[in-house]
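J.: Sequence:
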Amino acid sequence: MNTQSTSLAAELTQRMLGLLRDVAYQPSPLGNLWKDWNYGALSDLLQRLPCPSRESQNVARAEFERAQQHEVQFLGFWHAQYPDSLRQLVQPPPLLCCRGNVELLTPTRVPRVAIVGARRCTSYGISTTTELSSTLAAAGGIVISGLALGIDTAAHTAAIKARGPTSGIAVLGSGILQIYPRVNDSLAREIVEHHGLVLSEFGVATPAYPSNFLQRNRIIAALADYVVVVEAAHRSGSLVTARHAIDLGKELFATPGRIDAQLSQGTNRLLSDGASPYLGVEDFSRSLTLEPNRILPCARKITLAEGGEKKASKMLEIIGSNPEISFEQLYDRLREPAPRLQAELAKLEMAGYIERLSGD
1 MNTQSTSLAA ELTQRMLGLL RDVAYQPSPL GNLWKDWNYG ALSDLLQRLP
51 CPSRESQNVA RAEFERAQQH EVQFLGFWHA QYPDSLRQLV QPPPLLCCRG
101 NVELLTPTRV PRVAIVGARR CTSYGISTTT ELSSTLAAAG GIVISGLALG
151 IDTAAHTAAI KARGPTSGIA VLGSGILQIY PRVNDSLARE IVEHHGLVLS
201 EFGVATPAYP SNFLQRNRII AALADYVVVV EAAHRSGSLV TARHAIDLGK
251 ELFATPGRID AQLSQGTNRL LSDGASPYLG VEDFSRSLTL EPNRILPCAR
301 KITLAEGGEK KASKMLEIIG SNPEISFEQL YDRLREPAPR LQAELAKLEM
351 AGYIERLSGD
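Just so we're aligned, residue 1 is where the sequence shown starts under our numbering, counting upward by one.
To be clear, the hints were calculated from the coordinates, so they are not data collected in a lab. For glycine and all other residues, C-beta sits at the position ideal for the given N, C-alpha and C. Keep in mind that the hints are not guaranteed to be accurate.
Simulated DEER-style distance windows between Cβ atoms [stated by the list, open to error]:
1) Leu46 - Ala261: 21 to 29 Å
2) Arg243 - Arg163: 30 to 38 Å
3) Glu103 - Lys161: 31 to 39 Å
4) Arg182 - Arg109: 32 to 40 Å
5) Glu11 - Ser123: 46 to 54 Å
6) Gln88 - Ser272: 26 to 34 Å
7) Ile318 - Glu65: 52 to 60 Å
8) Gly280 - Leu149: 19 to 27 Å
9) Ser321 - Ser211: 56 to 64 Å
10) Arg333 - Lys161: 24 to 32 Å
Could you build all of it, start to finish, from the sequences and the hints given here?
T.: Next comes the structure, spelled out in structure tokens:
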């Protein structure tokens, strides 16, 4: 992007920040701007945008300067990295405020799985979420959640601890520099530090208004390929995410629970309405393509796993003697649980022992 384009993009961002403040960060009044613009010149879009109020202009300027100090990136609908999945929404967010790895928003073969559920969850919900999130992250999947307490926190924490290629994506119901709940401020930093992404459609310092969380749920659903609702009462906000997932044609899963348990009322209703049951990570992994079809040994395979475990050495021995072995063939040879095998392969690839190739 040349200097003129950079300057125009900065001016567009500040104007959009002001306009969003004027409409209380509701996307609907601004939803048709780019449809009329038809992706022409940035200067043309700038002329089409109305001017914010004087007060909002001043606030937007201050927010923009503060954001730059904290390495916040802005992705407007005019930006090449703005996700196509969000463009398909009835009310797409005009502007995304991002911290971290924005490359996670680009199209990829890696599955994106949203894990959502109750804030006041049970130990069953925590253990279910932890197993799913850690397995997905270790195998290279992208975990998406909302940084709330309970299930969201468990999903993000497990993805970080898995030490996979990325800690995933957190979608906020507050400003990017106004983390809510405050207790998760350090968790948000860890997500960014572990190659993840934290994003918000709200102004930089927007407080966590209750309506914001219902609004942001459409973004969680749109970014995901699969949505898993772990625990939810009959009026849970997670059910809003589930409805968006259905409307967007995403695959929806829910954990079954006791019929007399309050936190199973929402998930059991989803199952009654046609959601797929989540019956454990091994069963769920059959719905995903966590690994490409073929696995190649790299030159470093000659040394096997220096200091590594016997299991890793055995895997490398099989891969080395069977170039381009498929995941299914490796599974048949080792008879390890698929999620565990996927996680081991991810570690070997990151260490440079193997290369995974896409199938036709």
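J.: A separate judgement is required for each hint: does it hold in the structure or not?
T.: Here's how the hints hold up against the structure:
no.: 1; hint: Leu46 - Ala261: 21 to 29 Å; in the structure: violated (54 Å)
no.: 2; hint: Arg243 - Arg163: 30 to 38 Å; in the structure: holds (34 Å)
no.: 3; hint: Glu103 - Lys161: 31 to 39 Å; in the structure: violated (22 Å)
no.: 4; hint: Arg182 - Arg109: 32 to 40 Å; in the structure: holds (37 Å)
no.: 5; hint: Glu11 - Ser123: 46 to 54 Å; in the structure: holds (51 Å)
no.: 6; hint: Gln88 - Ser272: 26 to 34 Å; in the structure: holds (28 Å)
no.: 7; hint: Ile318 - Glu65: 52 to 60 Å; in the structure: holds (56 Å)
no.: 8; hint: Gly280 - Leu149: 19 to 27 Å; in the structure: holds (24 Å)
no.: 9; hint: Ser321 - Ser211: 56 to 64 Å; in the structure: holds (59 Å)
no.: 10; hint: Arg333 - Lys161: 24 to 32 Å; in the structure: holds (29 Å)
When the structure is compared with the earlier hints, violations turn up for hints 1 and 3 and for no others.
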